[in-house]
Structure formats: C-alpha cells, structure tokens
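A.B. asks: Residue strings, one per chain:
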Amino acid sequence: MIEVRGLTKHFGRFSALRGLDLTIGAGEFIALFGRNGAGKTTLLRILAGLSHPSSGKVDFPREAGIAPLYWRGRIGYLSHNTSLYIDLTALENLRFYAQLMDMPSDDDSLFRRIREVGLAGREREPVRNYSRGMQQRLAIARAFLHNPDVLLLDEPFTGLDQAGSEILKGYVSDAHAKGKTCLMAIHDAPLGYEMADRLVVIDKGVVALDVAASALSLSDFQQKYKFLVTKQ
Amino acid sequence: MHKIWAIFRKDLLVELRTKDTLNSMLFFGIVVLIVFNFAMESLRDSIRSAVPGILWAAFIFSGTLGLNRMFAAEKENGCLQGLLMIPVDRGIIYFGKMLAATVFMLISEFVIFIFSLVFFNLTVWGEIPYLILVFLIGTLGFTAVGTLLSAIAVNTKLREVLLPLILFPVVLPVIVNAVEATNIILNTQDYRALRLPLSIMAVFTIVFGTISYLLFEHVLED
Numbered sequence: 001m002i003e004v005r006g007l008t009k010h011f012g013r014f015s016a017l018r019g020l021d022l023t024i025g026a027g028e029f030i031a032l033f034g035r036n037g038a039g040k041t042t043l044l045r046i047l048a049g050l051s052h053p054s055s056g057k058v059d060f061p062r063e064a065g066i067a068p069l070y071w072r073g074r075i076g077y078l079s080h081n082t083s084l085y086i087d088l089t090a091l092e093n094l095r096f097y098a099q100l101m102d103m104p105s106d107d108d109s110l111f112r113r114i115r116e117v118g119l120a121g122r123e124r125e126p127v128r129n130y131s132r133g134m135q136q137r138l139a140i141a142r143a144f145l146h147n148p149d150v151l152l153l154d155e156p157f158t159g160l161d162q163a164g165s166e167i168l169k170g171y172v173s174d175a176h177a178k179g180k181t182c183l184m185a186i187h188d189a190p191l192g193y194e195m196a197d198r199l200v201v202i203d204k205g206v207v208a209l210d211v212a213a214s215a216l217s218l219s220d221f222q223q224k225y226k227f228l229v230t231k232q
Numbered sequence: 001m002h003k004i005w006a007i008f009r010k011d012l013l014v015e016l017r018t019k020d021t022l023n024s025m026l027f028f029g030i031v032v033l034i035v036f037n038f039a040m041e042s043l044r045d046s047i048r049s050a051v052p053g054i055l056w057a058a059f060i061f062s063g064t065l066g067l068n069r070m071f072a073a074e075k076e077n078g079c080l081q082g083l084l085m086i087p088v089d090r091g092i093i094y095f096g097k098m099l100a101a102t103v104f105m106l107i108s109e110f111v112i113f114i115f116s117l118v119f120f121n122l123t124v125w126g127e128i129p130y131l132i133l134v135f136l137i138g139t140l141g142f143t144a145v146g147t148l149l150s151a152i153a154v155n156t157k158l159r160e161v162l163l164p165l166i167l168f169p170v171v172l173p174v175i176v177n178a179v180e181a182t183n184i185i186l187n188t189q190d191y192r193a194l195r196l197p198l199s200i201m202a203v204f205t206i207v208f209g210t211i212s213y214l215l216f217e218h219v220l221e222d
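Residue numbers (my numbering), protein chains in the order written: chain L, 1 to 232; chain U, 1 to 222.
For reference, chain L alone in the conformation it holds in the complex (with noise of 0.2 Å):
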C-alpha cells in the first residue's frame, strides 16, 4: 500500500497540489481524471521520485531489506516525455537503461523487447527517425523493461495509433493481472473506465472525486466528472 498525506507542491505562487490525500492499494489500478494544472502530473512525478513535494509524505510499504531507495528500481514511469535519446539506436536506448537497472542487456533480450512493441526491423535505427508513435512504443518497451510492480503513466496513450494503443493496454492489463499496482492519469474517460479498478477525480490539487469504477455507470462518472471540471 502506498500512503499520500497532505501533499502540497507549490512552483513559486501556484499551488499544483494542496494537501492531497490518497491511498494506493497494492495491485490496484487507479485511473486519475483531472483537468489541465489540476495536479495529476505532479502528483506522479512525486510518486515516481523526480520531484520533491513542498509538505507533506509518501510512504511506500517497508519491507525487509528493501531499502525506500530502491523503490525507484520498481517503478516504471511513462509520459508524454519519452526519455529516449534520439542520436542512439532502440537497441542503444534498450541497453543504456537495462545496464543501468541491472537487467539483461544482451542482444536477444532487447530485440524480443523491441519486437514486443511493434518496431521490429527498426532496431538498429537512431530514434530521430521515428514517428512520435514509435518514439512512444519505445518508451513503452523502455519503461517496461525491469519489471516494475508500480506503474505510473501519465497520459501514455498520447501519439500512440490503434495498434500502439493496443500494445499498450495489453502491457498495462497484464501487469495489472500479475498483481501490479497502477497509477494512470488519463483523459479518456471510457478508456480509463474499462481499465481501472478505481477512479479518481484530482481538481485544484486535491482529490474531489474517489470511486470504485464498480460503484458507478460510466455515464454516471462521466456525469460527475464533467460537473466537476466545469464548476467553477
């Protein structure tokens, strides 16, 4: 289980997180709905260790001799940033990461990753020659590439086509059976219904909205949703 309490982050006078609460379940999978600046992207950000929050805490669960810096190695993180370095091949971009995370980085394993994500017969190319798309599938195979038990994807579906989206949702919805914890902001409401065991409305840096997406229809979320994005 992984605790958020009185999560504030503020970037000079904007407050993007004010006092946040939210409890994380272990493999659960939460869908995070907000508007723009509602604070979804600082909230993963936080969790995935890249920024520090103003106030407030992150517990993640203490288990014996795993060391809270070592959460790190088991989050996997995708956004819209894709984290490639776009002079090296997929093949160089693979193996950079897996050498630094400690996994397999001989030529087998990264090609069966690559294939994995509909790039085959690309892999010797720099990234700088691939579509937004396939940058995005790449960074699919990259942040998926040690096993994460925590996923954070912020918005991963952008510039993903219909098979990319598809590859996507099958990473997401097999690590979620295996027991994954799942953690996606996401503006697609249908989508994010149909994915996620529980549904979480972020508005002005706090949660306004939490429901199991068993509770509720997807009209009447969408319902909700919508009067709490557009109340003023």
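Keep in mind the hints are simulated off the structure, nothing from the lab.
Computed from a predicted model, the values in this text were never measured in an experiment.
Glycine included, C-beta positions come from ideal geometry on N, C-alpha and C.
Some hints here could point you the wrong way.
[To be verified] Which residues of chain L face chain U? A partial, calculated answer using Cβ under 10 Å:
(1) Trp71
(2) Gly73
(3) Ile75
(4) Thr82
(5) Tyr97
(6) Asp102
(7) Pro104
(8) Val127
(9) His146
[Said to hold, decoys possible] Partner residues are not named here, just some residues of chain L that face chain U (Cβ under 10 Å, in silico):
(10) Arg45
(11) Ser79
(12) Asp87
(13) Leu88
(14) Gln99
(15) Lys226
[Claimed, not checked] Pair ranges (Cβ atoms, derived):
(16) L:Arg132 to U:Met1: 31 to 41 Å
(17) L:Ser55 to U:Ser199: 22 to 32 Å
(18) U:His2 to L:Arg112: 17 to 27 Å
(19) L:Ser55 to U:Arg192: 56 to 66 Å
(20) U:Leu12 to L:His80: 23 to 33 Å
(21) L:Pro61 to U:Pro129: 49 to 59 Å
(22) L:Glu166 to U:Asn155: 35 to 45 Å
(23) U:Ile132 to L:Arg112: 54 to 64 Å
(24) U:Leu215 to L:His80: 47 to 57 Å
Go by the hints and put chain U onto chain L.
C.D. replies: Below, chain U alone, put in the same frame as chain L:
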C-alpha cells in the same frame, strides 16, 4: 562502477554520432588562440611568457561551452528523468557526466595545444609529461565543479550566460594555479616549484568534487 561507465559510454556514443560538443569546443578554443595570436603580435618576442594564460583561457572557454551542452542534451525528450529513475545514488550520474566532460575537455585541450605549438612557435618535448599532469589535474578540478554547476544552470533560460558567471569565480583557484604550473613548465623549468600549484589543484579537486557529489542529488530534483 559499471553504471558510471554506462553513462560515460552513452555520452561518448552520442558524441561520436553527432560530433556536436567536441566540434564546438575545438572550434571555439582555436578561435581564442587565433585572437590572442593576432592580439599579441607586438609581443612576439616574449610571447612564450604569455602562452600559459592564453592556453588556459582557451581551455576554460571551450570547456565551459562543452559543459553547457552536456546537460542540455539530457533535457531533450526528458532523458534526465530517465536517469533519475535509476535506483542508485544520484552521485553516480555526477561521476558519469564528470568523466565524460573530462575526456571531452582533454581531447579538445590536446588539439588546442597542438595548434598553440604552431601559432606560438613552441618546442616542448621534455616538458610533455609535466604538461600532461597539469592539464589532467587542472581539467579534473574544472569539471568537478563544472558538472554540478552545469546541472544547476541547465534548468534556467539563460544557461549560456549563467554558467560562466557562476563557474568562473569558483574555479579561479584552479585556473590561477594551472596557469602558474604551466608557466613553471614552459618558462622556468624549476620543476620543484610545481609541488605547490599541483597540490592546491589536487586538494581543490578532492574537496569540491566531494561537495559536488553530495549536492548533486538536490540539484536535479524540482
């Protein structure tokens, strides 16, 4: 250790593909030499006494250019966040980047030095081992601080201006002693006098390298 090496190899590979950083460093360093070559025309007979200062001016300016580009490349596509997700002490990133900066700077120093032999009509055979030592220690001192400050400057809009502004005052002890040591080698050949400037540079590198390593984690996060 292998992760430091992986970060260094990645930077080397990117540089071999693009030749972006090294070309800029070399070009700028050689231009500095050319400018000083013409500026010091009237002092042609005593130019050898000015060469240490000219050399290190070229090294420092080209090195600053290289440091600016070093982290700028990581900002592209959010690559820095990929590095921050690695489950290791973030000082590993510092050492990997410092190693890359040092190697690139030494390569450009070697080429700039060759050009200086031509421009200033220098003959330096017996002095080479001592010069290598001074260049190495001086460069390590420069990149030990420069890597940290480059990581700070990269998040600002005016990083090309900010980095020299914050870097030069801090590395002044290295520059002063590197020029002094180079002057001893080229002009006095009193090698016993090298002990003091080399010791100062070595201590500076160790102290500020340690401080930079400890601070690096806090510099990268927002």
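A.B. asks: Now tell me if each hint is right for this structure.
C.D. replies: Status of the hints after comparison with the structure:
no.	hint	verdict
1	Trp71	8 Å, holds
2	Gly73	3 Å, holds
3	Ile75	7 Å, holds
4	Thr82	5 Å, holds
5	Tyr97	7 Å, holds
6	Asp102	9 Å, holds
7	Pro104	14 Å, violated
8	Val127	8 Å, holds
9	His146	9 Å, holds
10	Arg45	8 Å, holds
11	Ser79	7 Å, holds
12	Asp87	5 Å, holds
13	Leu88	6 Å, holds
14	Gln99	4 Å, holds
15	Lys226	31 Å, violated
16	L:Arg132 to U:Met1: 31 to 41 Å	36 Å, holds
17	L:Ser55 to U:Ser199: 22 to 32 Å	46 Å, violated
18	U:His2 to L:Arg112: 17 to 27 Å	23 Å, holds
19	L:Ser55 to U:Arg192: 56 to 66 Å	58 Å, holds
20	U:Leu12 to L:His80: 23 to 33 Å	29 Å, holds
21	L:Pro61 to U:Pro129: 49 to 59 Å	57 Å, holds
22	L:Glu166 to U:Asn155: 35 to 45 Å	37 Å, holds
23	U:Ile132 to L:Arg112: 54 to 64 Å	46 Å, violated
24	U:Leu215 to L:His80: 47 to 57 Å	30 Å, violated
In summary, the numbered hints that this structure violates are 7, 15, 17, 23, 24.
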